[in-house]
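Asks: Here are the chains, one letter per residue:
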Amino acid sequence: MLEVNNLMVFFENALALNGLSLEVREGEIVGLIGSNSAGKTTLMNTVSGLIIDMKIKEMRKGGQRITVYGNIIYDGEDITETAPNQRVKKGIVLSRERHPIFPESSVMENFKIAGYLRSKTEVRETMDFVFTLFPPLVKLKNRKAGFLSGGEQQMLAIGRAMVVRPKLLLLDEPLLGLSPLMQKAVVDAIVNLNRESGITVLLSEQFARPVLPMVDRAYVVENGMLTLSGTGPELMNNPEIKAAYFGV
Amino acid sequence: MFIGTTIYALINTAILALMAIGFNLTFGISGIANFAYGALYVLAAYGVWMMLNLLHLPYLIAVVAAVILNLILGALIYRFVLIRVRGQGISEVIATFGIGLAVLEMFSYFGWVGFEYTLPVLIDRSYIIAGTYVDMQRIIILVFSIFLILGLWFFTHHTSIGLAFRGIAQDERTALTFGIDSDWIATLSISLGAGLAALAALFIIPLGSISPGEGYDVLIKALAVCIIGGLGSTGGVVMASFIVGFAERFTDTYIGSHWTMIVSLAAILIVLIVKPSGLFGKQKELEERI
Ligand SMILES: Nc1ncnc2c1ncn2[C@@H]1O[C@H](COP(=O)(O)OP(=O)(O)O)[C@@H](O)[C@H]1O
Ligand SMILES: [Mg+2]
Numbered sequence: 001m002l003e004v005n006n007l008m009v010f011f012e013n014a015l016a017l018n019g020l021s022l023e024v025r026e027g028e029i030v031g032l033i034g035s036n037s038a039g040k041t042t043l044m045n046t047v048s049g050l051i052i053d054m055k056i057k058e059m060r061k062g063g064q065r066i067t068v069y070g071n072i073i074y075d076g077e078d079i080t081e082t083a084p085n086q087r088v089k090k091g092i093v094l095s096r097e098r099h100p101i102f103p104e105s106s107v108m109e110n111f112k113i114a115g116y117l118r119s120k121t122e123v124r125e126t127m128d129f130v131f132t133l134f135p136p137l138v139k140l141k142n143r144k145a146g147f148l149s150g151g152e153q154q155m156l157a158i159g160r161a162m163v164v165r166p167k168l169l170l171l172d173e174p175l176l177g178l179s180p181l182m183q184k185a186v187v188d189a190i191v192n193l194n195r196e197s198g199i200t201v202l203l204s205e206q207f208a209r210p211v212l213p214m215v216d217r218a219y220v221v222e223n224g225m226l227t228l229s230g231t232g233p234e235l236m237n238n239p240e241i242k243a244a245y246f247g248v
Numbered sequence: 001m002f003i004g005t006t007i008y009a010l011i012n013t014a015i016l017a018l019m020a021i022g023f024n025l026t027f028g029i030s031g032i033a034n035f036a037y038g039a040l041y042v043l044a045a046y047g048v049w050m051m052l053n054l055l056h057l058p059y060l061i062a063v064v065a066a067v068i069l070n071l072i073l074g075a076l077i078y079r080f081v082l083i084r085v086r087g088q089g090i091s092e093v094i095a096t097f098g099i100g101l102a103v104l105e106m107f108s109y110f111g112w113v114g115f116e117y118t119l120p121v122l123i124d125r126s127y128i129i130a131g132t133y134v135d136m137q138r139i140i141i142l143v144f145s146i147f148l149i150l151g152l153w154f155f156t157h158h159t160s161i162g163l164a165f166r167g168i169a170q171d172e173r174t175a176l177t178f179g180i181d182s183d184w185i186a187t188l189s190i191s192l193g194a195g196l197a198a199l200a201a202l203f204i205i206p207l208g209s210i211s212p213g214e215g216y217d218v219l220i221k222a223l224a225v226c227i228i229g230g231l232g233s234t235g236g237v238v239m240a241s242f243i244v245g246f247a248e249r250f251t252d253t254y255i256g257s258h259w260t261m262i263v264s265l266a267a268i269l270i271v272l273i274v275k276p277s278g279l280f281g282k283q284k285e286l287e288e289r290i
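Keeping their order, the protein sequence lines are chains A and B. Counting along the first sequence from 1, when you hit position 104 you're at 104 in our numbering, and nothing is skipped either side. Counting along the second sequence from 1, when you hit position 137 you're at 137 in our numbering, and nothing is skipped either side.
Incorrect hints may appear among the rest.
According to the in silico footprint, chain A covers these stretches of chain B (three or more CB under 8 Å from chain A) [what the hints assert, rightly or not]:
| no. | segment |
| --- | --- |
| 1 | 85-95 |
| 2 | 161-170 |
| 3 | 179-185 |
Think of the hints as simulated: they come from the structure by calculation, not from any bench. We treat Cβ as the ideally placed atom computed from N, Cα and C, and that holds for glycine.
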């Protein structure tokens, strides 16, 4: 479904991704494990196309030069140069790092804004579905999103992405800053989405422990390069992984 | 005298809100302070005047054409000028102010000033309300402003483009992840702001006359209202219009007309000292904007 070939991304002369290649097959949950500044967000932004927008805006104001080499194939089509909103239309949807919800809008309005490409009925249907996935959100429907807790905001962010009806859902550190209990709720929901709705998922995370049990396969990225890859169980038993990514 | 002053203060409030709402909308959505706003206001007024007096077109056609022309002009300003300096506040201000200056000074150069340069009132009638003489045009302005603000509220909360406006205003990059195109929305925001400037001119100019000075005046009033209310906040525009609108009229009646200007300037200074982000400004992070 998604094939990333030899991706290199420069911010000015700093190399954020260094010849990274990976593949996500239809129906899989794939993990991307890497510590801080390993290049996870850069990869997510490059696959979702946000980097094209960043590049154009930096160029217009004479800011930093962003250069992308390599290519991205999605459903057999080269989308390396495709604009982010076109990629959204093709079903690639990113939930950004640190769950940036629209703080001044209510939970319901967050869904409505996310439903830009969808009809009102479709938005309502997805919203009802998301409420079964994350029951705590029901009571918070009319609350300003900025007043939700971190965990609630993360549920909203993932649920909100569902409104777009993704085929490939990119989740950038969906577990960041959540309590273990909340992490479990989010992990369960992601697995549920994958099983029940057949959504393919690529998610990133700093630690291996919470994600390895749920993924079909995972890649480990360090300094913008892949260092390891394998199925969940394979990586679970890998001593290097245990040493570096199991945290405390 | 009190009731009469109150009635005129309400009308003054409506006029101020009408002048500021377009400038505020553009800023609230795309963060662009459109300093060509006053020029767009005057341009629409001269446009209608020319269509009426030189081309002898019917009023309705002239005003619809002027609003559409302003919508297009706003979009062109974004596409050809602002798009290249996006995100650099100072360059945006210089570019739009430059455009505004060029337009206004061109009309000055042609010497298009005088009482003959005005627009017709919509309905030529007047009433005595509670002992106060009020003309129909001012009543229409009051009613229209209320409907316009309610309409804008509905637009930004219940239509897909309006909701996209709110999304872009809050977090542009996240809005992109839902397929919202930020350049398209910014184009629309300036275009709509310019259209609102034209509408304001059509309603307000009949109370006076068209002149380049009017362009600077409208820009300054819009800025004052937005600074007091908190740039980008519709609630702030309404609130600030009330404050300045009432302060001006009551000063005029009870203290003296030469003090009115001082009062609004004092209001700006006080707000800037006490709460630099304006009454409804962003500093209080979770305030509703747009
Ligand atoms: N906008 C940017 N400008 C300059 N350098 C950046 C930018 N974004 C990321 N980087 C650099 O790219 C590398 C990868 O960052 P990132 O993709 O954010 O890592 P991660 O998400 O894994 O923490 C880091 O060295 C970071 O400093
Ligand atoms: Mg990151």
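Asks: Starting from the hint list further up, note which numbers the structure goes against and sort them upward.
Replies: No hint contradicted; all consistent.
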